[in-house]
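Protein chains in written order, with the working numbering: chain R, 402 to 508; chain Z, 2 to 114.
Misleading hints may appear alongside valid ones.
Restraint ranges, calculated between C-beta atoms of paired labels, are given here [claimed, not checked]:
| id | chain 1 | residue 1 | chain 2 | residue 2 | range |
| --- | --- | --- | --- | --- | --- |
| 1 | R | Ser477 | Z | Val52 | 40 to 46 angstroms |
| 2 | R | Ser427 | Z | Ala4 | 33 to 39 angstroms |
| 3 | Z | Ser83 | R | Ser477 | 45 to 51 angstroms |
| 4 | R | Thr480 | Z | Glu80 | 26 to 32 angstroms |
| 5 | Z | Gly64 | R | Tyr449 | 30 to 36 angstroms |
| 6 | R | Ser476 | Z | Val15 | 20 to 26 angstroms |
| 7 | Z | Glu80 | R | Glu418 | 22 to 28 angstroms |
| 8 | Z | His42 | R | Thr480 | 23 to 29 angstroms |
Don't read these hints as lab results, they were simulated from the structure. Positions of the beta carbon are idealized from the N, C-alpha and C atoms, including for glycine.
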Amino acid sequence: GQQVQQSPASLVLQEGENAELQCNFSSTATRLQWFYQHPGGRLVSLFYNPSGTKHTGRLTSTTVTNERRSSLHISSSQTTDSGTYFCAISNNNAPRFGAGTKLSVKP
Amino acid sequence: EAAVTQSPRSKVAVTGGKVTLSCHQTNNHDYMYWYRQDTGHGLRLIHYSYVADSTEKGDIPDGYKASRPSQENFSLILELASLSQTAVYFCASKDRDRGYEQYFGPGTRLTVL
């Protein structure tokens, strides 16, 4: 089955630093998404990005499909960026999630 | 904005008992999903459904049943709850034709004793 590996497992930053989160997957995914989980547990979708680069605010997602990898770049991190970031892939309608990267941004 | 609600928000159950978790969405989405999340881990798909009266198995269906009696409602049933089913359960919905964004419920924290 499809495998999703995320790195690093955790990351601690000082406010203002940039972050780069990685996602590697084992098959050519047609649907690559990034999700954010608030420290309190709420989950939200960030990006649907099967290929190429997408931006929203301080977040940039870049997916290179034939290399089976995606990255999430967070620029000028803020304490409110703290939480866990997941990538997920699916070739049908059954998404498979990675284990996540837990980000802590210190003031 | 899409609204997905779950009930109960938390539950304590006894081993061997029956547990039903409910999910309701108000946005006419076709797809609904049940995931479980164990502490410090990602989400794993249990069951999903793309149409009322039909459900599909996800990656970890053993020990769980699902029911989709209407487009708005999707339930997860644990007939014989076990200690290993202690986790947080999330429901999500997605529109079939409009993008791939999933809308998640707030989660149900289930503790099996």
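Here's how the hints hold up against the structure:
no., hint, in the structure
1, R:Ser477 / Z:Val52: 40 to 46 angstroms, "holds, 44 angstroms"
2, R:Ser427 / Z:Ala4: 33 to 39 angstroms, "holds, 35 angstroms"
3, Z:Ser83 / R:Ser477: 45 to 51 angstroms, "holds, 46 angstroms"
4, R:Thr480 / Z:Glu80: 26 to 32 angstroms, "violated, 44 angstroms"
5, Z:Gly64 / R:Tyr449: 30 to 36 angstroms, "holds, 31 angstroms"
6, R:Ser476 / Z:Val15: 20 to 26 angstroms, "violated, 49 angstroms"
7, Z:Glu80 / R:Glu418: 22 to 28 angstroms, "violated, 49 angstroms"
8, Z:His42 / R:Thr480: 23 to 29 angstroms, "holds, 24 angstroms"
In summary, the structure is inconsistent with hints 4, 6, 7 from the numbered list given earlier, while agreeing with the others.
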